[in-house]
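S.K.: Take a look at the letters that make up each chain.
There are 2 protein chains.
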Amino acid sequence: MGALADRVLAGDRRAAGRLISQAERRDPQALQDLGILYRHGGHARTIGITGPPGAGKSTLVDALISRFRKQDMTVAVAAVDPSSPFSHGAVLGDRVRMMRHADDVGVLVRSMATRGALGGLSTAIGDAITIFDAMTFDIIIVETVGVGQSETDVVGHCEAVILLQTALGGDDIQAIKAGVLEIADLIVVNKKSAPGSDRMARFLRESLHDRPARADGWTIPVLLTEASENIGVNALVDAVTQRFEHNRAQDDRVSVTRRRQVAAHLMTLADVEIRSLTHRLISGQAAPEAWQSVLERRSDPWTLSAQLFKKLR
Amino acid sequence: MGALADRVLAGDRRAAGRLISQAERRDPQALQDLGILYRHGGHARTIGITGPPGAGKSTLVDALISRFRKQDMTVAVAAVDPSSPFSHGAVLGDRVRMMRHADDVGVLVRSMATRGALGGLSTAIGDAITIFDAMTFDIIIVETVGVGQSETDVVGHCEAVILLQTALGGDDIQAIKAGVLEIADLIVVNKKSAPGSDRMARFLRESLHDRPARADGWTIPVLLTEASENIGVNALVDAVTQRFEHNRAQDDRVSVTRRRQVAAHLMTLADVEIRSLTHRLISGQAAPEAWQSVLERRSDPWTLSAQLFKKLR
Chain A
1 MGALADRVLA GDRRAAGRLI SQAERRDPQA LQDLGILYRH GGHARTIGIT GPPGAGKSTL
61 VDALISRFRK QDMTVAVAAV DPSSPFSHGA VLGDRVRMMR HADDVGVLVR SMATRGALGG
121 LSTAIGDAIT IFDAMTFDII IVETVGVGQS ETDVVGHCEA VILLQTALGG DDIQAIKAGV
181 LEIADLIVVN KKSAPGSDRM ARFLRESLHD RPARADGWTI PVLLTEASEN IGVNALVDAV
241 TQRFEHNRAQ DDRVSVTRRR QVAAHLMTLA DVEIRSLTHR LISGQAAPEA WQSVLERRSD
301 PWTLSAQLFK KLR
Chain B
1001 MGALADRVLA GDRRAAGRLI SQAERRDPQA LQDLGILYRH GGHARTIGIT GPPGAGKSTL
1061 VDALISRFRK QDMTVAVAAV DPSSPFSHGA VLGDRVRMMR HADDVGVLVR SMATRGALGG
1121 LSTAIGDAIT IFDAMTFDII IVETVGVGQS ETDVVGHCEA VILLQTALGG DDIQAIKAGV
1181 LEIADLIVVN KKSAPGSDRM ARFLRESLHD RPARADGWTI PVLLTEASEN IGVNALVDAV
1241 TQRFEHNRAQ DDRVSVTRRR QVAAHLMTLA DVEIRSLTHR LISGQAAPEA WQSVLERRSD
1301 PWTLSAQLFK KLR
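Chains as they are written, first to last, in my numbering: chain A, 1 to 313; chain B, 1001 to 1313.
DEER-style ranges, computed between Cβ atoms: (1) A249(A) / R1100(B): 56 to 64 Å; (2) R298(A) / S1066(B): 31 to 39 Å; (3) R1100(B) / P195(A): 34 to 42 Å; (4) P28(A) / S1283(B): 24 to 32 Å; (5) S1283(B) / D238(A): 28 to 36 Å; (6) G1002(B) / K310(A): 20 to 28 Å; (7) D104(A) / Q1250(B): 54 to 62 Å; (8) A1010(B) / R211(A): 36 to 44 Å; (9) A215(A) / K1311(B): 27 to 35 Å; (10) S193(A) / P1288(B): 47 to 55 Å; (11) N230(A) / D1103(B): 57 to 65 Å.
Taking lysine to any residue and the SDA-like style, the derived pairs with C-alpha atoms no more than 20 Å apart in a straight line are: (12) K311(A) / R1275(B); (13) K1311(B) / R280(A); (14) K311(A) / I1282(B); (15) K311(A) / P1028(B); (16) K311(A) / H1279(B); (17) K311(A) / T1278(B); (18) K1311(B) / T278(A); (19) K1310(B) / Q29(A); (20) K1310(B) / S276(A); (21) K311(A) / V1272(B); (22) K1311(B) / A290(A); (23) K310(A) / T1278(B); (24) K192(A) / F203(A); (25) K192(A) / A235(A); (26) K1310(B) / R280(A); (27) K1310(B) / A286(A); (28) K1310(B) / A263(A).
Residues of chain A clear of chain B, computed beta-carbon distances all greater than 10 Å: (29) R7; (30) S193; (31) E229; (32) A239; (33) Q242.
Derived by calculation from the structure, the hints in this document are not laboratory data. Even glycine gets a Cβ: it sits at the ideal position worked out from N, Cα and C.
With the rest of the complex left out, here is chain A (with noise of 0.2 Å):
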């Protein structure tokens, strides 16, 4: 029992790796390790890239490996694709780029297929980070496409949170401004030589002046790179170690950002036990009568929640 959390401790990746496919499969064994390791955590620093497909996440991340490396900083990636049935075939062909760190003993990457299940992608990023993190990586990166929830799940993991975009689909751009804005912590527009790209960053540092400062009190960045040419990486990685400084002068005994993080590993967690009890709903094995009252619609889903729930309240 904790056997393979011992070995992750130890910084077995295998024993990671197994782990991790354990997990997705919701073993109760592994979920117990994951415990484990969680308590011994707390080192790592954590980025989440997000944006569309094409924007250059896969270059940028293995840019800032390259980067983090040279200040003998050791770095893992969790590349989480939410599995949509649509598109996102390229994706992991563009991960190969990676593979150049293959032979690298401080670099370590993973990619993460998850079903399209509710809590799914955020359930294996806050898995991967808690494995991660127990193996005394210094900095882990969240790779996972902009698409739907995605991002907003990456979000509650990381600490420093950036998205990327690019010009090139500069029609966008009133899209981009209402829900963004929201989430990243930084924002990048890569591949800065296309046209158009000057123009997003001042309409985007435009858009951010005119809304109200963060609770937090931090402003967030926007960048210019071509990660291709390892042109602005630099000063990205400035940022982002300036977002983890002002993270840390924020903590008292735990900062914000913390709370926000075992928040967000909490809701994959309740998710899972909803699925549970929900299945156990409709097999007749938790609350036969009720259940059968709303399927006759005597009663209603949210007379039932409320049964449900109030234990909760």
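With chain A held as given, fit chain B onto it using these hints.
M.R.: Below, chain B alone, put in the same frame as chain A:
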């Protein structure tokens, strides 16, 4: 109390719109109204339409509306945007096409934006169906862009889920195969005059044929349409009708689909409860000791989750 519910039951469209807006804010009175309306529902047949941007969803919905109206059936449409920070700017524009039904009292089209929040999309769909069903619409169509997990959200709520594809993104064919066969009840290759449509339909049929039969005994048809020219729409409506009949034939008292719908509904409500619980944990209003020990890594999220949800087990 319940005044809005009464007006919705009387067919008042402004009341319906207001209730949807209130429900989006999770107004407690609105939730009670929804509970009342739910008990009056069960009449409508529900169709979900999902697929990538540009597949022609709105055009198809428009064609379906016309076809059902010819059969003297009333139709309500909930067009749901999963409000991603990225993309989707064009979706609302497309919907203008449906406006030609604006003067038809047998048709109601409602666009719903949902925030990126977990469960947000699914909650909105369940609410809309409950309301339109209580208004005695014969057919309810839920149209949603197939990104992230929106397509899985729509599945739980609708008894005939149409996945719309085109051959235009033909290189994504493997990606489609992976996830789609689990969620769709009918697959439609739209823009059939585009090159590769027949090949794609054949590929999908062969892929489906290689899969184990569905537990409910339903065989997924693959149809070709040119929705903008009303080609193939009659055949699609026939297939949807067969799907409805298949569901009905399966019923003893309540069908598998019905259980799935209630479960989907309950999951969205559970999500609201979990968010509320998380909020109380963060603010120290619930389990302050246990929460603090996770923050300090003397405990872990898995242990806390087990404590909190013991009562649900």
